[in-house]
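Undergrad: So you can see what is in the structure, the chains are spelled out below.
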Amino acid sequence: MTDATDLKVTAASDIEVDREALDASIRKFTGPNGDYYVRALHKIHDVTGFVPRTFNIWAAVLGPIWAASRAIWGMFWAFLILEIIAWVQIGRGAWGNPGADMAERAARQQERAQELMQRANEATEQADIDGFTKLAENIQKAADSSFEKAEAAQAEALGIMLTGLVLLTVFKLIQGLYADQVYEKQYSRWRIDPEATESGRSTRNIVMGVVLTLLIGPLIVYKFTVNASLALLDAFPEQEVSAMIMGEGAGTIFSNLASWMEARIDAAAAAGGDVFDGIVAGVRGVLDALTLALNGSPWPVVMLVIVVTAWRVAGPRVAIFTSAALAYTALLGYWAVAMETVALVGAAVILCVVIGIPLGIWFGKSRRAYNMAEPVLDLMQTLPAFVYLIPIIAFFGTGNPPGILATIIFGMPPVIRLTALGMRGVPDSIKEAAVAFGASKWQLLKDVETPLALPSIMTGVNQTILMCLSMVVIISLIGGGGLGKEILEALQYAAKGPGLLGGFAILFLAMVMDRIVQGAFRREGRKD
Amino acid sequence: MSEETVIRVKDVWKIFGARARDAMRAVKDEGLGKPEVLERFGCVVGVQGASFEVPRGEIFCIMGLSGSGKSTLVRHVNRLIEPTAGTIEILGRDVSAISENELRRIRAQQIGMVFQHIALMPHRSVHDNVAYPLEIRKVSKSKRWAISDHALGLVDLTGYEDRLPTELSGGMQQRVGIARALASDPEILLMDEPFSALDPLIRLQLQDQFKSLVAQLKKTTLFITHDLDEAIRIGHRIAIMKDGVIVQIGTPEDIVMNPADDYVREFVQGISKLKLVKAHSIMEPLDSHKGSLDGAPRADEGADLDQLIDLSVDTDQPVVITEGGTDVGVVTKPRLLRGIQGGKDD
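Residue numbers (the working numbering), protein chains in the order written: chain A, 2 to 529; chain B, 49 to 394.
It should be emphasised that the hints constitute simulated quantities derived from the structure, not laboratory data.
Mixed in with the good hints there might be a few duds.
[Claimed, not checked] Here are a few chain B residues that sit away from chain A, every Cβ distance over 10 angstroms (derived from the structure):
no., residue
1, L80
2, E87
3, T132
4, E137
5, H171
6, E183
7, D204
8, T206
9, G207
10, Q257
11, H274
12, T299
13, E301
14, D309
15, K338
[Said to hold, decoys possible] Listed below are the simulated DSS-like cross-link pairs for lysine-lysine, each with C-alpha atoms no more than 25 angstroms apart in a straight line:
no., chain 1, residue 1, chain 2, residue 2
16, A, K442, B, K189
17, B, K381, B, K323
18, B, K323, A, K432
19, A, K432, B, K186
20, B, K259, B, K186
21, B, K266, B, K191
22, A, K186, A, K44
23, A, K29, A, K186
24, A, K442, B, K186
25, A, K150, A, K135
26, A, K29, A, K150
27, A, K432, A, K447
28, A, K447, B, K186
29, B, K189, A, K447
30, B, K290, B, K321
31, B, K191, A, K447
32, B, K323, B, K266
33, A, K173, A, K186
34, B, K321, B, K259
35, B, K76, B, K58
[Said to hold, decoys possible] Far from chain A by the CB rule (all over 10 angstroms, computed), these chain B residues:
no., residue
36, G65
37, S99
38, N126
39, H165
40, P181
Cβ atoms here follow ideal geometry from the backbone N, Cα and C, with glycine treated the same way.
Using the sequences and the hints, build the whole thing.
TA: Below, the structure written as structure tokens:
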């Protein structure tokens, strides 16, 4: 403890700034040329307003290269681009030919006029001679005007160059004025995190700055100031490169790679034919059972069951809405296709849940398995559906079962993810208690983990249902039936009326499913 | 109290980490300390050579601050944690040698455990929580409910069977936890800081309730706590742990009167000795007192300081201590006052 006499209460205004410690820290940060930056940063630190009081000559002269040497890369890129814009203006004024386009056009028009004159001279009929002469005169007029314009543009060259010079000066001034300010910000960042913030002046950064400037600057200035620049700079010479790698006349890299992949896929489809047929048969089995139940049963029975389910599970309001939605589909003649859609989505959801929940449980328990599966799940969700429709056709053919498989790819990730999340969220203390009372692994899973993860799993199932519904239209592209097919046909003939009616039918189906499932969750939740 | 040893822990070590085996060998061969093991092997030493025995019906408290390894040690008894070295015997059987199935049977039948975080299953009723150990053993539902009714009666929670745990207060939830531990009528109770998360008044009530309950039911109990007051209130014997080592084992009176080292002494300082220190530990031999003892008050050697103070306030004479009717020693006023201070020497 310090003695009471050692403690002095000082008014904030009397506190002296400890320059020495600060100076040492600034010197450590800046490295070479420390004295200058100590003075500059002092000025910045002492100022209360925002008008800069320092001017960094080197930053002004060297521009982006100074920023690079001090590892201020944001400033480097910004002013590299700005200075290049200024240089392009200067270049256009100095050696570019702003009137070149016009002059060229004038020359062409002149030529055409002379050609017409020639034909007029050669012509025998008076009408032809008059016609050609008239045309030639007109074109000659246009050529004259083009010449004038070209000359005017040429005269502007000096103006363009001056603009470029002014821009360059302004950019240099800004850099000179703000360089130390920006550097001071870098210094503040460095104080907080000296490991991740570059400090001092390194040869590597200078070399990098110089090389980048020399590569980017001249090429851009060349491309924009010289009229007929090299064709090489306009487009990537992929034909030539292909010829160089594959040999002359052997096709491009693209065509070779594409045909190679096609052969691989065909070979894989042929080799695994039985497996893929088996998968399709399995999916078809589930779909057929659902279709039989929904479309095979008499329609009044199906309607009654759906409405009663909605009422029991989600209450009278949802039941009324469900009746209205079903009436809409039935009255517009969509009943059979709507039930086909429900069977498609239902089959996809059932398969997602049956495969996804066990996978989710596994990923929830094994961190390593989850880490390996995560990129695959991301891929399944982010890959546009059209991309995997093609291999699905190759492996599984077209029709409803391949459509369901495509739906599963898109719809399964949420249930896997949320099951794993739920499993990981089960408190360790409760699991430990169950083990301490003698629970086996299976009992732990059945009595503790699954019930406690259930809310999360249910959220996953609901999301999966909605994602599967959103695939209904897309799978009609590979021969999937149901309402999606109606919409696709309407799209092909740009039939606005049928398309909209079918769209509403899908919307109502989605809302009915969502309401019923959510109602079921709410009822589940009320028990707790 | 029968003399049969129910729990016997012999030289148990627990080292956490991927290279625990190597670290263990190095500790045995070279006598490495905790920091060296962490530095060389990246392993944390949880328990260092703990040994103790608990006879039937005893409440054995393990007291230590957080990180002292007490929770780790108690989890060895039902093998929630496997020891790196050493043996643990329950009723004469080495638990690390038994099969997985047998272990589960012992956990369900012979060991009840109560947790600091209570750890009831939120989706099951109080009934089904209490009966869970029985459910694991596939006892029929009617039997289960009958037993859980009885267990809930023991902790005064009759009438709450069909509530969910979240509807009960913290103290009631922990009583459900105790009922669950008692439900399968186990030989051994493991109490892992059961009352730490409760507020002080409820804690006192539960301590008393628990102590009398265990005395009635004659359960052998390992009781973990970080609170020395609690250990003294509840325990027949106390083990004090520091950094994975058992520093001292003894009766509450032993610990308070003869702390083994400065660490224990510091703990003991704030403890009230009035009900703890008995006459026999502060008395002097009869012949050391020169004056007459006629008319001096008499007390049994088991009398505590509180009683001795009552006897000696109204007299100038020392208190004579008797054992089975014969005088064995005296407690003078200076001795008594020093005793209240905590056995400080004159």
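Undergrad: Next step is simple, just say for each hint if it's right about the structure.
TA: Going through the hints against the structure:
{"no.": "1", "hint": "L80", "verdict": "30 angstroms, holds"}
{"no.": "2", "hint": "E87", "verdict": "23 angstroms, holds"}
{"no.": "3", "hint": "T132", "verdict": "20 angstroms, holds"}
{"no.": "4", "hint": "E137", "verdict": "19 angstroms, holds"}
{"no.": "5", "hint": "H171", "verdict": "5 angstroms, violated"}
{"no.": "6", "hint": "E183", "verdict": "8 angstroms, violated"}
{"no.": "7", "hint": "D204", "verdict": "22 angstroms, holds"}
{"no.": "8", "hint": "T206", "verdict": "22 angstroms, holds"}
{"no.": "9", "hint": "G207", "verdict": "21 angstroms, holds"}
{"no.": "10", "hint": "Q257", "verdict": "21 angstroms, holds"}
{"no.": "11", "hint": "H274", "verdict": "17 angstroms, holds"}
{"no.": "12", "hint": "T299", "verdict": "29 angstroms, holds"}
{"no.": "13", "hint": "E301", "verdict": "33 angstroms, holds"}
{"no.": "14", "hint": "D309", "verdict": "28 angstroms, holds"}
{"no.": "15", "hint": "K338", "verdict": "50 angstroms, holds"}
{"no.": "16", "hint": "K442/A with K189/B", "verdict": "22 angstroms, holds"}
{"no.": "17", "hint": "K381/B with K323/B", "verdict": "17 angstroms, holds"}
{"no.": "18", "hint": "K323/B with K432/A", "verdict": "41 angstroms, violated"}
{"no.": "19", "hint": "K432/A with K186/B", "verdict": "19 angstroms, holds"}
{"no.": "20", "hint": "K259/B with K186/B", "verdict": "31 angstroms, violated"}
{"no.": "21", "hint": "K266/B with K191/B", "verdict": "23 angstroms, holds"}
{"no.": "22", "hint": "K186/A with K44/A", "verdict": "14 angstroms, holds"}
{"no.": "23", "hint": "K29/A with K186/A", "verdict": "15 angstroms, holds"}
{"no.": "24", "hint": "K442/A with K186/B", "verdict": "15 angstroms, holds"}
{"no.": "25", "hint": "K150/A with K135/A", "verdict": "23 angstroms, holds"}
{"no.": "26", "hint": "K29/A with K150/A", "verdict": "61 angstroms, violated"}
{"no.": "27", "hint": "K432/A with K447/A", "verdict": "11 angstroms, holds"}
{"no.": "28", "hint": "K447/A with K186/B", "verdict": "14 angstroms, holds"}
{"no.": "29", "hint": "K189/B with K447/A", "verdict": "17 angstroms, holds"}
{"no.": "30", "hint": "K290/B with K321/B", "verdict": "23 angstroms, holds"}
{"no.": "31", "hint": "K191/B with K447/A", "verdict": "22 angstroms, holds"}
{"no.": "32", "hint": "K323/B with K266/B", "verdict": "24 angstroms, holds"}
{"no.": "33", "hint": "K173/A with K186/A", "verdict": "20 angstroms, holds"}
{"no.": "34", "hint": "K321/B with K259/B", "verdict": "20 angstroms, holds"}
{"no.": "35", "hint": "K76/B with K58/B", "verdict": "15 angstroms, holds"}
{"no.": "36", "hint": "G65", "verdict": "18 angstroms, holds"}
{"no.": "37", "hint": "S99", "verdict": "23 angstroms, holds"}
{"no.": "38", "hint": "N126", "verdict": "6 angstroms, violated"}
{"no.": "39", "hint": "H165", "verdict": "4 angstroms, violated"}
{"no.": "40", "hint": "P181", "verdict": "4 angstroms, violated"}
Against the hints set out earlier in the document, violations occur for numbers 5, 6, 18, 20, 26, 38, 39, 40.
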